[in-house]
Amino acid sequence: MNDVIPKDIALQLCEEIQKENARKKFGSGKMMCWGGIKATKDNVEGRCVFANEQNRGCYQVNARYDKIYKKQK
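If you use my numbering, the sequence shown corresponds to residues 1382 to 1454, in order.
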């Protein structure tokens, strides 16, 4: 799917994924979140998820959004 992810939903999913990744010891998703948070600090607009107009700059957010919202369509 390539639907636009509404900004509030993208941010919610991003924060959920960050919390889940923080509990992991290793993983590419954990490193992606860590790097993104470190690079953007408090600038939410700079997060990977907001890297394009569709708010689909993060594969983790995209996958979770498609899994949840694909079922609803």
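Treat the hints with caution; some may be incorrect.
What the hints assert, rightly or not - Pairs of lysine-lysine, BS3-like flavour, derived with a Cα cap of 25 angstroms:
id, residue 1, residue 2
1, 1405, 1422
2, 1388, 1419
3, 1406, 1388
4, 1411, 1448
5, 1422, 1448
Hints are computed from structural coordinates only; laboratory data are not their basis.
As the structure is a prediction and not an experimental result, all values here were calculated from the model.
Taking the numbered hints from earlier one at a time, note which ones the structure violates and give those numbers from smallest to largest.
3, 5
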